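Protein chains in written order, with the numbering used here: chain A, 116 to 320; chain B, 116 to 320.
For the record, the hints were derived by calculation from the structure and aren't laboratory data.
Treat each hint with caution, since some may be false.
As the list makes no split between identical chains, a pair holds if one copy fits it or if it spans any two.
Stated by the list, open to error - Straight-line distance between alpha carbons at most 35 angstroms, and here's what the computed DSBU-like set of lysine-lysine pairs gives:
no. : residue 1 : residue 2
1   : Lys251    : Lys295
2   : Lys251    : Lys118
3   : Lys158    : Lys299
4   : Lys158    : Lys295
5   : Lys189    : Lys230
6   : Lys165    : Lys118
7   : Lys251    : Lys231
8   : Lys120    : Lys189
9   : Lys251    : Lys158
10  : Lys118    : Lys299
11  : Lys299    : Lys230
12  : Lys189    : Lys231
13  : Lys225    : Lys165
14  : Lys120    : Lys165
15  : Lys295    : Lys225
16  : Lys231    : Lys295
17  : Lys251    : Lys189
18  : Lys225    : Lys189
19  : Lys118    : Lys295
20  : Lys225    : Lys312
21  : Lys118    : Lys225
22  : Lys231    : Lys165
From a predicted model like this one, the values you see are computed outputs, not experimental measurements.
Protein chains: 2
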Amino acid sequence: MPKLKLTYFDIHGGRAEPARLAMYIGGVAFEDDRISFQDFGAKRSGYPFKRVPLFVIDDVELSQGNTINRYVGKLAGLYPTDALQAAYCDEVMDAVEDIISQQGVTMFMKDEAQKKAAREALADGPIAIYLEHLQKMLDARGGEYFADGRLTVADLKVMVWVRGLRSGILDYVPTDLPDKLAPKLVEHLDRVLGHPKVDEYYARF
Amino acid sequence: MPKLKLTYFDIHGGRAEPARLAMYIGGVAFEDDRISFQDFGAKRSGYPFKRVPLFVIDDVELSQGNTINRYVGKLAGLYPTDALQAAYCDEVMDAVEDIISQQGVTMFMKDEAQKKAAREALADGPIAIYLEHLQKMLDARGGEYFADGRLTVADLKVMVWVRGLRSGILDYVPTDLPDKLAPKLVEHLDRVLGHPKVDEYYARF
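Chain A on its own, in the form it takes in the complex:
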């Protein structure tokens, strides 16, 4: 087994949380390297594309959240082997990455009025569209999980996003948006958080 190390911010969310959870669920040992925003500022120029998460396999560097999710998903048994089910899993992860990138654009807006306008436009437009379409996809795939009829890294990715929306980390985006527009994604969130290993993880960390 290679030595694995995952570097990301010290938060229960964002782009590395699905991979942390996947490795915990699958019993894959790794170094959980949590950095402060200050550390990030200091070390940024050394990270691939000047970003985190960064995953290191022995001495091989791997960047990009979903690339890491897919790789550790295979190690943890949480990624489908069938090509179409794998595509269902990828589609959901790519869609969530797309919407969190759109949210990300608003993170560094210094003008509060501009941020408010951008966040309200996101809530009325893309976030609503993504919530509704993800709910439709979940329905089409049996209603419980997004791919393979079981928990995969796609479910972890969606759960972390929906939980973030409801937590209020995005000012000007109503926290009840998922409950109003996509109640089945809220049920899905509870389903994922109720998984014995996920429940155990959040009790421990």
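Could you slot chain B onto chain A? The hints should help.
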């Protein structure tokens, strides 16, 4: 063999071009459904997440450019089977998707001064960072291809992006940026365009 249909704009670029090329190279028959921007406006609400590309496998819909690239890459023999090589391929595709999403934000800016400032900031910041780091990755992986020591969908994704930058479709982003910052990506572009099937494709279409 299922019936395959790929819907996207009628341009030699963007998010569906790597999949079109991959299927052509691999001899995978598909319906190349090219729509006008007007068609898109009219049909938009019916597309998953209101976006294209859309790939249809018999009657199963698949959205998200890289999800489609990965699926057709497997059909065409242009996606690695080894997990680490697959991750190298994914990483490059995810990185390019990230930077084209950042470029995409500037597409709909109506204020020309705002667009100019945003594009110049992109050229000096993220586009430069991505060009330089992708060149470094190419070097680290042998200098010719991004994964598996051979042509994969990752090479097609990078080629389409670099060609787009050099074509001048992004006003205010200097077209000689790849040549100045990442000359090995320009050699890579020529290598991919020189592939017999890619060459044949652009002679025909």
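Against the structure, the hints:
1. Within a single copy, Lys251 and Lys295 get their C-alpha atoms as close as 14 angstroms, which meets the 35 angstroms cut-off; across copies the closest is 46 angstroms, which misses it.
2. In the homo-oligomer, the alpha carbons of Lys251 and Lys118 lie at most 35 angstroms apart only across protomers (23 angstroms), although the nearest pairing inside one protomer, at 39 angstroms, exceeds that limit.
3. When the C-alpha separation of Lys158 and Lys299 is checked against a cutoff of 35 angstroms, the pair qualifies only between copies, where the shortest distance is 26 angstroms, while the shortest distance within a copy is 40 angstroms.
4. With identical chains, the CA atoms of Lys158 and Lys295 are at most 35 angstroms apart between copies only, with a shortest distance of 26 angstroms across copies and 41 angstroms within one.
5. For the identical chains of this complex, Lys189 and Lys230 are neighbours neither inside a copy (38 angstroms) nor across copies (41 angstroms), given an alpha-carbon limit of 35 angstroms.
6. Taking the closest pair of Cα atoms, Lys165 and Lys118 come within 35 angstroms of each other only inside a single copy of the chain (23 angstroms); across copies the shortest separation is 42 angstroms, beyond that limit.
7. In this assembly of identical chains, Lys251 and Lys231 lie within 35 angstroms of each other by CA distance solely inside one copy; the values are 29 angstroms within and 39 angstroms between copies.
8. In this assembly of identical chains, Lys120 and Lys189 lie within 35 angstroms of each other by CA distance both inside one copy and across copies; the values are 16 angstroms within and 29 angstroms between.
9. In this homomeric assembly, Lys251 and Lys158 come within 35 angstroms of each other (Cα to Cα) only across copies, at 18 angstroms, whereas the closest approach inside a single copy is 41 angstroms.
10. Taking the shortest Cα distances, Lys118 and Lys299 sit within 35 angstroms of each other only across copies (32 angstroms), while inside one copy they are farther apart (38 angstroms).
11. Taking identical chains as interchangeable, the C-alpha atoms of Lys299 and Lys230 lie at most 35 angstroms apart only when both belong to the same chain, with a minimum of 29 angstroms there against 39 angstroms between chains.
12. In the homo-oligomer, the alpha carbons of Lys189 and Lys231 never lie at most 35 angstroms apart, since the shortest distance is 40 angstroms inside one protomer and 43 angstroms across protomers.
13. Proximity of Lys225 to Lys165 under the C-alpha cut-off of 35 angstroms is found in both arrangements, the shortest distances being 21 angstroms within a copy and 30 angstroms between copies.
14. For a Cα distance limit of 35 angstroms, the shortest separation of Lys120 from Lys165 inside one copy, 17 angstroms, qualifies, whereas the shortest one across copies, 37 angstroms, does not.
15. Taking identical chains as interchangeable, the C-alpha atoms of Lys295 and Lys225 lie at most 35 angstroms apart whether they share a chain (30 angstroms) or sit on different chains (32 angstroms).
16. Only within a single protomer do Lys231 and Lys295 lie at most 35 angstroms apart by alpha-carbon distance; the minimum there is 21 angstroms, versus 39 angstroms between protomers.
17. Taking the shortest alpha-carbon separations for Lys251 and Lys189, both the intra-copy value of 26 angstroms and the inter-copy value of 27 angstroms come in at or below 35 angstroms.
18. For the homomeric pair Lys225 and Lys189, neither the shortest alpha-carbon distance inside one copy (40 angstroms) nor that between copies (44 angstroms) is at most 35 angstroms.
19. For a Cα distance limit of 35 angstroms, the shortest separation of Lys118 from Lys295 qualifies neither inside one copy, at 44 angstroms, nor across copies, at 37 angstroms.
20. Within a single copy, Lys225 and Lys312 get their C-alpha atoms no closer than 39 angstroms, and across copies no closer than 49 angstroms, so neither meets the 35 angstroms cut-off.
21. Proximity of Lys118 and Lys225 under a CA criterion of 35 angstroms is satisfied in neither setting, with 40 angstroms inside one chain copy and 49 angstroms between copies.
22. Taking the closest pair of Cα atoms, Lys231 and Lys165 come within 35 angstroms of each other both inside a single copy (27 angstroms) and across two copies (24 angstroms).
Taken one by one, the earlier hints fail for this structure at numbers 5, 12, 18, 19, 20, 21, listed in ascending order.
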